[in-house]
Amino acid sequence: MSDRIFGGFGLALAIFYIWAASIIKDSFMVDVVGPRAFPYIVGSIIGLCSLYFILRPDDEPDWPHIREFSEIVFAAAVMFMYCWALPEFGFLISTVFATAYLTWRLGTQPLWSLLVGVLTSVGIYVVFHLILGLALAKGPLGF
Amino acid sequence: MEILSLLFDGFAVALTPQNLFLAVVGCFLGTLMGALPGLGPANGVAILIPIAFSMGLGPTASLILLVSVYYGAMYGGRISSILLNIPGDEPAMMTCLDGYPMAQQGKAGEALSLSGVASFVGAFFATCGLVLLAPQLVKIALLFGPAEYFVLFTVAFATLGGISSTNQAKSAFAAALGLGIAMIGSDSQTGSQRFTFDHIHLYDGIDFLIAIVGLFALSEVFIFLEHHRGGAVASASTTKVGRIMPDFGMIKRCIPSMARGTGLGFFAGVLPGAGASLGSFLAYSLEKQSVDREGKTFGKGDPRGVAAPEAGNNAASGGALVPMLALGVPGSGTTAVLLAVLLQLNITPGPLLFTKNPDIVWGLIAALFLANFILLAMNIPLVGIFTRVLMIPTRILMPIVAMISFVGIYSITGSSFDVMLMVGFGIAGWVLRKLDVSLVPVILGILLGNQMEVNLRRAMTISDGDWLVLVGSPLAIVLWVIAITGFVLPMLMGRRMKKRMHAARNEEEFVGD
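Protein chains in written order, with the working numbering: chain A, 1296 to 1438; chain B, 454 to 966.
Calculated directly from the structure, the hints in this document are not laboratory data. Fair warning: this is a prediction, and the values are worked out from it, not measured in the lab. None of the hints are false.
Not close to chain A: a few residues of chain B, all C-beta gaps over 10 Å, as computed:
1) L468
2) V584
3) L586
4) Q589
5) H654
6) F701
7) R706
8) F720
9) S743
10) R746
11) K749
12) N799
13) T801
Derived DEER-like restraints, expressed as beta-carbon distance ranges:
14) B:I708 to A:W1379: 54 to 60 Å
15) B:L835 to A:W1379: 37 to 43 Å
16) B:R746 to A:R1299: 43 to 49 Å
17) A:P1356 to B:V941: 21 to 27 Å
With the Cβ distance kept under 8 Å, some of the chain B side facing chain A (calculated, not the full set):
18) L630
19) F675
20) M873
Every residue, glycine too, gets a C-beta built ideally from N, C-alpha and C.
Okay, chain B solo, but in the shape it has when bound (with noise of 0.2 Å):
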């Protein structure tokens, strides 16, 4: 009952005019973000949060753009893959495998409907989990001293890696690299200066928002380059959306397949490091097996595949919601993207933010709900304008990408060298892509590095020095095996899982050829 009250109470916050308003801009915005092939949630939040924050907005209003941002480019990343077969990031890959083969067969409108209403049952019911977890999860996380918080933290780094790469040696480099640029700057406890050569622009550190931006969006502005010179991309134009209107029938059939998919979407993302990506490819996966076992459908514009990995992967966006909020892990790079903001607004996300800040908590909550509504709303009657949004050549839409990631960050720091700095980070995200070094971790190490580091000195100094202290309760124990077995297991089963979801990818676009 309580959560209910604290509920309502998070709903007078987000239906104030100016938040119902920014929640329509937000949701309106990510859609289109994620409409676009190669900018996903992430990159479209990394590209809003300097906007966001240079317009002076308060915390919770900040707050409720962003994430209605956020869950927007989740339904809007089926845009691309079911008309263009290009996803617009990795999680809305398994639509393409029966969304695509719809499109050719004019239900292009149809298939977009269906992928709404799924993304629509996906995102809500693993919002209405969030609820009854998340303050569940709190009550463990009370239990956290310094020293358990320490190794929370390597359970994050551990895990992240997951399935994102397929090195676990390259996930760890990434993590340290992202942990040593955090270090950069004065020292949280003595005031020591740290790495700053004496350079005046590095004293306070380097804002993560400028790593963010470059690593995210910059460095998908030079893939772009080097992969479309000339401006070969697939147009829209082509594809025709026909009906648009649901057909009930067709959505009734796919309503175990949405049931399937939100549960199974809603454990991966709740997983540290899995995400929407692992989501969506159990769902479609598992829905093969149990309806299609002799693989006649699937593949060939079966409903049920595009019904099933839209409620996973948007399922696992509210999942990996979880431990963001209450542990302040982020699970996934959407969310560690969702913890910067936080951050920036001086939030400490973890357990502390449900009792410090309800009101921020509960007003974030009850506008995912609420961007669910608006967004089953608009997708709909508007998918018409948003397919029309990919008929403008992405040679045009890229430059824009980039100078909008040139104004959100000169727009909060005003300084060129931060400007340049971001710049460097692009060029370097671009190099580490290539390398197959995965660039959640950087972020996550820049983003938690000093709590890291503080945790860790606290530890210490409670334990007089004894580092024994970091296994030194059962839950510190408890922690660090399943740090050990996340690190562990994806070496053993990461690369053959990553190997299925790109072959299953390749084959049915084989086969759609």
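Chain A with its partners taken away, still in its complex shape (with noise of 0.2 Å):
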């Protein structure tokens, strides 16, 4: 089954890729293929295995149980905030939350982990910064 939820979403994908492929625009330059006719192509190749995916699937994957799978959502959506937080808290403070919650779900301590956060984030910080000269997100406070 899953390999057919695949299979639908890369034919949708398909879909508005060779749609969005037909909008490209001409330019003054043209050469006899033009910028569209690979973009057809690719489309047409993701189309082709998709529609293989529905009629043929493989075996069920081992897909995670509802508790190991909202550990990943949660991961995905800390690493979402930490990218937005980067500029508006600077590297040091938000390095340290973002280490400590993944420490934490990886099965340490809760003040372990916020340990583990803190030297994180000043280890980086030092051994990439102050040492290799890396430029790292600035926040308010200017680290």
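Combine the two chains into a complex, taking the hints into account.
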């Protein structure tokens, strides 16, 4: 069933892709094939493969239970929030919380997780920013 | 002779103090990355690419650092296989079969040293093979026109699914997905905006580093989160390393196994799509058949069962560099990541690389030789340090890996949107992996998409729109035959081969228990 749903998504993607290719504007520079032909080929391959998944699905994959699945959803949500928080609060503060969350969810006690978060954040800041000179996100406090 | 003098020039580049230092750092970091379960060479290099670029190193220096990480990770994969019975990545899977029983018998140190020596032999001779074979392949590649190049890219996609997936439709889907992503942004020929929907962040297309780090490194974090909630991962602290200095008698007895493993591995590496997994599998299976037909010692801690697959997988990783450098077509996931490194440095691999940038290509090859010696020197005395890394709980290491991925991408792009896109790729990578869709063709599609389209359009311009130009030369026809065979053959054989690989491991695991 998973493959059939996947095939359905793939087919929708292929139709959307081919439609999006059809509205590509021509430029004053035109070659024989133009900017739409290759995307049409790619969209068609995606569509054909998706049809195959619908008609000949593989065995059902081993999906996680609702608990493990929600772990992944929450971790992804925390990562998105981290991306949003980086320019708002700066690297050091955002990283402490994101690392602490992930460490906690992987089985470390909350207080220890916070400590790991602080150590990781400071450690990365020292190694990558202070020593190697990488540009990290600056928050209102300048770090 | 010309090759030798070019190689000497390469050594002059690789042996500058800065490059030597980077090679040592790369080897050390690579071995650590490879030793961690779940983080193979592709992940290791993927995480470190953005960091290397944002440090502002020159092209040669960045390349030397990253190929040292690549070789280091190939060496390191064996450490967790032997000590924990958890392969760092797929090619290290066969090393578990005899390596772990050796560790259980208190010979972990010897198994580690032996595998270090076997890795050296495999990688060293494969690098020699690269020196001899790549320039020959370049001569053939110089005969290629745009149509032949287009077909060559098709060969890469058709064969890459190979044994990495049992379902060729899924490999084709993955490749098309990657090609589709590559089309986003300005069209290189006409400048038209494609698939950007007037979104300013998409005007320049999607940086392949974002896709690579998301698909490889972040999806690994999600997979880990799914399986190891609570941090229930084996720890190396329970396994005693024992004597570290190798027993020369044992090494001598394993020399023929290493030689056979190296030959097979190199051959498997050069074949597009086969890669290191097939190299180590073939080396182990054939070694078992040739020296232990009755199945008395293999799987129970036979040193030859450690030496052969380790030589095989390291030789394959050297072999995989041949088509990558000479034709611009990577043969494996990690070489696809290395191709991304080259493209990011504005170096286009392929025949012209050898004539236009000989300093880079020969500097790179010299760095590979150098990395091998550094790794051999580093791996035997420092085995204790590398094993201690495995004692740090992975529940602490994985979040650090995730954060380093974020740091790398943010420091290159400085944009929250791009980092969010990386998380999106991470989630997509997790879903695709669950559905058994190989990620390597996606990456390859993103990397080669523009080149493939440009060559198709050039060929069509030359032929004035006649599609028959794609089968217009004997070389093109030969390439089509290879592509079709490469696509169809795994449908007949791939499933059986993959099953045998997993069956071999499961069977031995059962015996090991």
